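Chains as they are written, first to last, in this note's numbering: chain A, 1 to 255; chain B, 1 to 425.
Derived by calculation from the structure, the hints in this document are not laboratory data. Hints are not guaranteed to be accurate.
Here are a few chain A residues that face chain B, going by a calculated C-beta distance under 8 Å [what the hints assert, rightly or not]:
1) Val15
2) Pro71
3) Asp73
4) Leu88
5) Cys89
6) Asp90
7) Leu92
8) Gly101
9) Glu103
10) Leu110
All figures in this text were calculated on a predicted structure; none of them were measured in a lab. Beta carbons: idealized from backbone N, C-alpha and C, even for Gly.
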Amino acid sequence: MLLELTGLSKRFGPVEVLSDVDLAIDAGEVCALVGDNGAGKSTLVKCVAGIHGIDGGAITVDGEARHITGPRDAAALGIEVVYQDLALCDNLDVVENLFLGREKMRGMMLDDDAMEQLAAETLSSLAVRTIRNLRQPVASLSGGQRQTVAIAKAVLWNSRLVILDEPTAALGVAQTRQVLELIRRLADQGLAVLYISHNLNDVFAVADRIAALYLGRMAAVLDAADATQSQVVELITSGRSGTLGLGADTNGART
Amino acid sequence: MSTTAQANDAETRPGAGTEPGAVRAVADHVRGYWAEVRSGEVGALPAVAGIIALCVFFGISQPVFLSVGNLANLFGQGAAVACIAMGLVFVLVIGEIDLSAGFASGVCAAIMAVILTDWGMPWPLAIAAAIATGVVIGLLLGTLVVKLGIPSFVVTLAAFLAFQGIVLMILEEGSNITIHNETVKAVAGGNLERWQGWTLLVLTIAAYAALQLNRWRRRVARSLVHEPLAVVVARVASLGALLTATVFLLNLERSANPQIISLTGVPVVIVLLGVLFAVWTFVLHRTRFGRHLYAVGGNREAAVRAGVNVDRVRIAAFVICSGMAAIGGIVAASRAASVDPNTGGSNVLLLSVGAAVIGGASLFGGKGTVRAALLGGAVVAIINNGMGLMGLSAGVRFGVTGAVLLLAAGVDAMSRGRGKLFGRH
Numbered sequence: 001m002l003l004e005l006t007g008l009s010k011r012f013g014p015v016e017v018l019s020d021v022d023l024a025i026d027a028g029e030v031c032a033l034v035g036d037n038g039a040g041k042s043t044l045v046k047c048v049a050g051i052h053g054i055d056g057g058a059i060t061v062d063g064e065a066r067h068i069t070g071p072r073d074a075a076a077l078g079i080e081v082v083y084q085d086l087a088l089c090d091n092l093d094v095v096e097n098l099f100l101g102r103e104k105m106r107g108m109m110l111d112d113d114a115m116e117q118l119a120a121e122t123l124s125s126l127a128v129r130t131i132r133n134l135r136q137p138v139a140s141l142s143g144g145q146r147q148t149v150a151i152a153k154a155v156l157w158n159s160r161l162v163i164l165d166e167p168t169a170a171l172g173v174a175q176t177r178q179v180l181e182l183i184r185r186l187a188d189q190g191l192a193v194l195y196i197s198h199n200l201n202d203v204f205a206v207a208d209r210i211a212a213l214y215l216g217r218m219a220a221v222l223d224a225a226d227a228t229q230s231q232v233v234e235l236i237t238s239g240r241s242g243t244l245g246l247g248a249d250t251n252g253a254r255t
Numbered sequence: 001m002s003t004t005a006q007a008n009d010a011e012t013r014p015g016a017g018t019e020p021g022a023v024r025a026v027a028d029h030v031r032g033y034w035a036e037v038r039s040g041e042v043g044a045l046p047a048v049a050g051i052i053a054l055c056v057f058f059g060i061s062q063p064v065f066l067s068v069g070n071l072a073n074l075f076g077q078g079a080a081v082a083c084i085a086m087g088l089v090f091v092l093v094i095g096e097i098d099l100s101a102g103f104a105s106g107v108c109a110a111i112m113a114v115i116l117t118d119w120g121m122p123w124p125l126a127i128a129a130a131i132a133t134g135v136v137i138g139l140l141l142g143t144l145v146v147k148l149g150i151p152s153f154v155v156t157l158a159a160f161l162a163f164q165g166i167v168l169m170i171l172e173e174g175s176n177i178t179i180h181n182e183t184v185k186a187v188a189g190g191n192l193e194r195w196q197g198w199t200l201l202v203l204t205i206a207a208y209a210a211l212q213l214n215r216w217r218r219r220v221a222r223s224l225v226h227e228p229l230a231v232v233v234a235r236v237a238s239l240g241a242l243l244t245a246t247v248f249l250l251n252l253e254r255s256a257n258p259q260i261i262s263l264t265g266v267p268v269v270i271v272l273l274g275v276l277f278a279v280w281t282f283v284l285h286r287t288r289f290g291r292h293l294y295a296v297g298g299n300r301e302a303a304v305r306a307g308v309n310v311d312r313v314r315i316a317a318f319v320i321c322s323g324m325a326a327i328g329g330i331v332a333a334s335r336a337a338s339v340d341p342n343t344g345g346s347n348v349l350l351l352s353v354g355a356a357v358i359g360g361a362s363l364f365g366g367k368g369t370v371r372a373a374l375l376g377g378a379v380v381a382i383i384n385n386g387m388g389l390m391g392l393s394a395g396v397r398f399g400v401t402g403a404v405l406l407l408a409a410g411v412d413a414m415s416r417g418r419g420k421l422f423g424r425h
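Okay, chain A solo, but in the shape it has when bound:
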């Protein structure tokens, strides 16, 4: 397993946002993380990304327990997060955004040409054909193109696990399809993808496995091929579905 979370817990003061969450993601697969608002999806992501410390449990990467204390630790382990609100600078161009914080240097000067070449190679390796001019400011791109840049930024760093937080939330139909295709391509290239979404159509279109969070607990992890939409909806809304999910005694009640 590339990434394994065991018994992960996180509290904000008296509120237990995540309790005893188990999740495993392997290279080459897209794992969707679903759950209602406040189920703890974003908190889970931030724990893995090193933005929040964890209060219990363990994060294991390649079978080795890791202590992730900051975004840099996560990046060093090959974990990259693409945030919902697009962490791009509108005034910088595509290349500048892709390399922000990790600029290629030639002595004390920026090596812009090398960065531009590398950016072009990365985008073409992802079969991105929608972005023609790498030197246009990101402000002039469409939502789908911006999301593509954000994802490419995560891929550029030889990352192994890419976490996408609602990447299609603000996109139209055609642009959503572009981004979903890109996500599939990441997994096909051997990356692990953790994909967070509210949209079950998108989830079923792209995911290999579906993990449903319910009030900070992992209700169930299903193979997408065996699951139905109604099952997943039940898991999201009530934490169980038939024999799947959390037991009646733990249904929302905290002990």
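Start from chain A and add chain B according to the hints.
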């Protein structure tokens, strides 16, 4: 068979070195630039257009405006404001403001004057002390804004008042200190020898051409999108022509009574502005720090997530701003050959902010260049100089300068809206 097909192919392929291809490449480049302008990326265009329009207007209404003597005069008049404006660009780029830059320059100038005249110390020490004072002021302002989270508007407004007081205290309740040191006076008042001007011109053009061609060659070698060579050559040639004309004019005799005192050569202050321009342009566009400045101004949260040390970048911007204000103060003191409680006061700050904004720096952050500050500084200097020649009162001059600043800020706000409007599709 195949060779003829290849030959045909090469002939018909656009941009393969044939004349129509080269022309088309240039035309494409021009069209691309025009599309950028239309989408709100006006850059230096309003400032350049303003300079030309103002020169034509004042040149017609006051012929003396276009005299060589007045040209040299313009640089001296505008230099202090241009220095402060260059520094302000750094603060504007990160989306902050420094209202205290004017009086910070006054404090630094006063310290220099005291060390130089009252204590009789050597000039390098006095200038170093003035710049060091600017750096300390910037550190203080930056720390208050960044570490304590007080809005820069408030911090620097408080400093605006406090520095005014400090100048008064240093100058002992409003006396003025005369500067006798010839070296310091030469900063704003001295001229180069004729041959020095020409040598500098040749070196400057050679350096610029080398940089431009080298960059073009590197991009071609990596087969990246590059400008047509003709555009690069045209840019080098036009800048070279402009600089050559300037040096030629400034090397003419411009004294009213050449028999008594000869006045020729490129003013030293132009060299100072040129060096500062080159250094800060390099820092803004060719270093990691410069890239991070723009990132912080564009989206601070994104910069944090990308691992940029945002606090350090922001404090550094304030340090550069106040440091440049110190240099502006030295230039102002040098020009007046004295320091009084009004050095860096009055409208200096507003003219500096105006210069940066007129040149294309955005008050909303994320946008601005050192070149913008220089061009905007030229606009401000020309307005003041021209209206002075027309004999208009200070009241009218303030009013007009204010209106121009408002106009520039309006263009800034509108081009921002336009960029948004045309950006998304």
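A quick look at each hint next to the structure:
no. : hint   : in the structure
1   : Val15  : violated, 24 Å
2   : Pro71  : holds, 7 Å
3   : Asp73  : violated, 11 Å
4   : Leu88  : holds, 6 Å
5   : Cys89  : holds, 3 Å
6   : Asp90  : holds, 5 Å
7   : Leu92  : holds, 6 Å
8   : Gly101 : holds, 3 Å
9   : Glu103 : holds, 5 Å
10  : Leu110 : holds, 6 Å
Of the numbered hints listed earlier, those contradicted by the structure are 1, 3.
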